[in-house]
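Residues per chain, in single letters:
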Amino acid sequence: MSECILHEDRFFDSDPSIRNAARELYNEAKRLPIVSPHGHVDPKIFVDNKPFPHPTELFIAPDHYVYRMLYSQGIKLEELDIPQRGGKTLGVDPRKVWQLFGENYYLFNGTPSGVWLDYEFNIVFGIKEKLNGENAQKYYDTINEKLQTEEFLPRNLFKHFNIEVLSTTDAANDQLEHHKAIKESGWDGRIVPAFRPDALTNLDNPTWREDIKVLESLVGFEISKYQDFIKALELRREYFKEMGATSTDHGVLTPYTHKLSDGEVEAIFSRALRGEVYEDDPKLFTANMLMEMARMSCDDGLTMQIHSGSNRNHNSVIYDKYGLDKGCDIPQQTEYTNNLKELLNAYGNDTNFRVIVFTLDETTYSRELAPLAGHYPAMKLGPAWWFHDSIEGMTRYRQMVTETAGFYNTVGFNDDTRAFVSIPARHDVARRIDANFLGGLVARHIISLSEARIIMKDLTYNLVKKAYKL
Amino acid sequence: MSECILHEDRFFDSDPSIRNAARELYNEAKRLPIVSPHGHVDPKIFVDNKPFPHPTELFIAPDHYVYRMLYSQGIKLEELDIPQRGGKTLGVDPRKVWQLFGENYYLFNGTPSGVWLDYEFNIVFGIKEKLNGENAQKYYDTINEKLQTEEFLPRNLFKHFNIEVLSTTDAANDQLEHHKAIKESGWDGRIVPAFRPDALTNLDNPTWREDIKVLESLVGFEISKYQDFIKALELRREYFKEMGATSTDHGVLTPYTHKLSDGEVEAIFSRALRGEVYEDDPKLFTANMLMEMARMSCDDGLTMQIHSGSNRNHNSVIYDKYGLDKGCDIPQQTEYTNNLKELLNAYGNDTNFRVIVFTLDETTYSRELAPLAGHYPAMKLGPAWWFHDSIEGMTRYRQMVTETAGFYNTVGFNDDTRAFVSIPARHDVARRIDANFLGGLVARHIISLSEARIIMKDLTYNLVKKAYKL
Amino acid sequence: MSECILHEDRFFDSDPSIRNAARELYNEAKRLPIVSPHGHVDPKIFVDNKPFPHPTELFIAPDHYVYRMLYSQGIKLEELDIPQRGGKTLGVDPRKVWQLFGENYYLFNGTPSGVWLDYEFNIVFGIKEKLNGENAQKYYDTINEKLQTEEFLPRNLFKHFNIEVLSTTDAANDQLEHHKAIKESGWDGRIVPAFRPDALTNLDNPTWREDIKVLESLVGFEISKYQDFIKALELRREYFKEMGATSTDHGVLTPYTHKLSDGEVEAIFSRALRGEVYEDDPKLFTANMLMEMARMSCDDGLTMQIHSGSNRNHNSVIYDKYGLDKGCDIPQQTEYTNNLKELLNAYGNDTNFRVIVFTLDETTYSRELAPLAGHYPAMKLGPAWWFHDSIEGMTRYRQMVTETAGFYNTVGFNDDTRAFVSIPARHDVARRIDANFLGGLVARHIISLSEARIIMKDLTYNLVKKAYKL
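Protein chains in written order, with my numbering: chain P, 72 to 541; chain B, 72 to 541; chain L, 72 to 541.
Heads up, a few of these hints could be off.
It does not matter which identical chain is meant; a pair holds if it fits inside one copy or across any two.
[Claimed, not checked] Derived DSSO-like pairs: lysine-lysine, alpha-carbon spacing no greater than 27 Å straight-line:
hint	residue 1	residue 2
1	Lys412	Lys392
2	Lys528	Lys540
3	Lys302	Lys354
4	Lys354	Lys296
The hints are simulated quantities; they were obtained by calculation from the structure and are not laboratory data.
All chains should be built: construct the whole structure from the sequences, respecting the hints.
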């Protein structure tokens, strides 16, 4: 049997001066509520409030971090019974899948998934030994049992996790029925939507014309000109705001921004409505739509988020069989200084506007993003994202961003997760790494402990509320 | 009241083995004179030798590091009364500006500006509490009083700061009157100019033709052909040398180098004289002029400096109203391996030539610059520059450069500052970080303490004098 | 006299928690045999098994790391008597060269060459003081004497170094006579070849047509069509396998992969046979050949290695006089996400295929390579390469790779060296850095010491044997 592995000083530098300061800073922050301004939890779980099914469906099926690692080591997605396009599964015994997971759990040593899972098993589910092939079935039983209890119902976990507010991410055409149902249920958990119009602003979307049709039906008028489209998007944003949204989100390959002339954009839009898309049209149209979205944010006050740099569905074999979001998205080099120039020149000096930029290209932290965020009042820097939401990744983020952008042009932590049960684990890591970074500044006498205490609270709680107007 | 924050071991790793070695190394280096081979202090202050005006004009108006951070947090440049194009100011009470600065001084926690300012307040002005909104007016009074004393006159500060030599940066057309006046004054402070011909070598300069006219008047002959232009530049370099210059400086967007044929360059030059500039002309002409400058350096022995990668005046709103150097320059990706190839092939094997390369793109340290500097005898690597002239930035520089280029292909520290009073603060940080880096090597038994001692002195004093022939 | 500098805890963090864990992990790993799956030792030394000549020829002439640093500081290659094209030397007294080396040995402080050489002098040759100008001649004598002893014959050193297997790198046209001779000699040292067909797959190779002629003579049939060429390469791979090869190696400027149509590739190939090469032909042909090599690896099971990103022979002055591999190769930016896409889509899901990717562009570790290796079952990540095979370089590698790819998508260490005597030094550094990295994880309670012990053994011994099927 492996011993329990969650040390109370985990992730802190072992040097006592740093560790002591980090511990003190962390201890104050850990009691603060979780504010989760960006993520992908399915809001339906809070409508239904039913027990989660078995451990395999809770921990493996929805977590592409987990099965991409297993896949990289030669385990087939079929063996893990990952849902295929259309939701089809093979009906593999979930205990067999769990066993395979347990036997290969050592692969996650030194990875953020390992760190989060250890937390979930140990702290959320109270299991005090490390998962392996031998104890996998006992693990399965223990988790399974707990899942059936009142305490582990989604709404109870939400309260237990001390979540003050949780944002989902929702297509512009989403009717937000679950959000409405939660509101109407009288439950006081705060779940808000975020407006993500990618399907409508990306002409490479194969169902773009159908999505426009749906949009027409939602807004109740025909969309035959670009200005109709703009009007429709403004109405959808209005609806999202009514339903509690405070932000928009934009996933783009490159953050290129450029306002097209009325004639140019009308030509592209008409072509697209006819099903014709010229080679440069998607790039130009998306660049133009980012400008429009920024303009709308200046008007309606929704905080704008730009996530760029992911080369989606890199592995076509997996994509063809399994579809989107299956661990096959690979980052690529991303340029911000020139690409964001037009947007920042047009709207970046507006102190009421807020655009939060995320990157998968760490080289841009100190070279482009911190200098931009350290100058333009509208621009803030999102936390270390996706592959970089990790102990080393968050440490590099603070090391490369702070000296030029300071702490106050960053916006706290985003968990960005589909895995609801991992939320406290992820926030715990972020708080520990921020505490450790600040502890390092204290130990080197760059800032005082009392200054660090104020910053710690700001990084954990105040900055995120301010940036997302929550 | 906040306590004084300058710990004698500040910036050193808290691990005792590293800290003890670092302290020992630093203590020897701190007594060495300051050699400042590249910067932007106005030489006129040493001609006039008058008291600096009030604290706001000393610390805020000239320091774009300071007001870019305040601006990023929504404070208008108007509120800070930053001089606009043509020098116009709004006449805001400097005490009100200072108050705003004090209230927002926490924004500089963890930044190099914070660290330098703390030093200036604490050590230069003797104020033993940290600036904030409450003590801002008292701070103002204290600094103001000291500024009126004999001790704080520029020439006395120069001596008090233990500056052995200070280089300014001067346009090729500058007549160096202040340098002449200083020489003629009999004062023994060594202030030397550096030759920066950017206005003449960059065809994108909107006043290029006027600048050529000024050059004509300075050299006393008509510049109608490219060879006249070259001759004129050679004469200006000669004049700068006579006035004490030992280096040239070249600010370029990319470090592309390429020698044009006589016909090509003559064609571009004639066009430019007529006011016609084709799209590729500026890029090609600058590339060609870098080759010419390297050739001239081989002849006249001036050390060549290349600063590239800054996308200047990114924010046109600020640029239009305030002009150059207002905190709106943003770094961008820069390529050296291919761009410098032609220059290094032509002149890089010349052991009398010295070309010092600076970067804002830290990714090139280990990938391109250290391998180049670790091979070509003429090429040396400038220290961590601008946004990277910081505790973490200088640490990354040493970590990424040393293993391939060693210590002896680097050239010591540059403060590169307009803010005269910050010079000792900046050199102090650099010395501490070098001491700490070397202390880390000693603590890990990579080098011995006695080896580190020799290197420490070389990094602080000997290498810069050798590289710049000072 | 300088003291001996090899501390038993060298390279470990000085913090006691990390150091103690690192020491414990290292102590177990240090006894494991050396597996060297990629390098450039001349196999002839094991055929002849004669004493190495003098120290200068052993340490300086073959080591471009050493003389590039000396050259960068103004020492001419002529003064070091580095062999020129065709093997010509100037006959400089080797003792004079060694003296120059000793006087400048301080240049290697803080570099991997310094660390390796210290090990070789101290541990292999038993000299307990640091090389300098004063003791250089005594050093020379001591080493010279030892080289004449039985103990220092190549085969004895091979055993003494505890090398289990050593791979060389050999041109596709190489007849592997030395490998054959070793086998036939009855000596049980395992020296295996690796198949490197660059000369045949790179149309920029000036002797490409002659190399095709040699290939024809080796396979015994005329190569007039592309399919003949493919058949010939398959036969050569077969021969290499018979001679013990388990891997292929491909040095390319960019890792662009693309399968040409039959018509396209035939057209390029015919042109090349006629001596005509269009501008894009080399790039397209190499991209196509990487696809073919991957396909062949799926068939014959040879592990494929791709080394990209070196801009070879950057300094034409040196290249013209001295030829290849003279310290003038400079890394450049390299892109993997898009370039490897076609190869990984075609073969990357094949769990029997193994493609090991190396980089000189550290920015791709966390952005591209770890995400790719953490997904595609066929792809593994080679260790920190060339300029990055160093204390800081290997540390950055683990820091940037582990969280996304884990430990098990990496392949242990490669020494990649021409310098046989440096092999144990290089493996010792790699083991210490891995031990220290793992010790850091243990000290921060990210993994347990017992987990670290298992990983340490895998990184040192098991992963390399598995990846290279040794």
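We went through each hint and held it up to the structure:
With identical chains, the CA atoms of Lys412 and Lys392 are at most 27 Å apart between copies only, with a shortest distance of 18 Å across copies and 39 Å within one. When the C-alpha separation of Lys528 and Lys540 is checked against a cutoff of 27 Å, the pair qualifies only within one copy, where the shortest distance is 17 Å, while the shortest distance between copies is 51 Å. In this homomeric assembly, Lys302 and Lys354 come within 27 Å of each other (Cα to Cα) only inside a single copy, at 22 Å, whereas the closest approach across copies is 44 Å. Taking CA atoms no more than 27 Å apart as the test, Lys354 paired with Lys296 passes inside one copy only; the shortest distance there is 19 Å, against 42 Å between copies.
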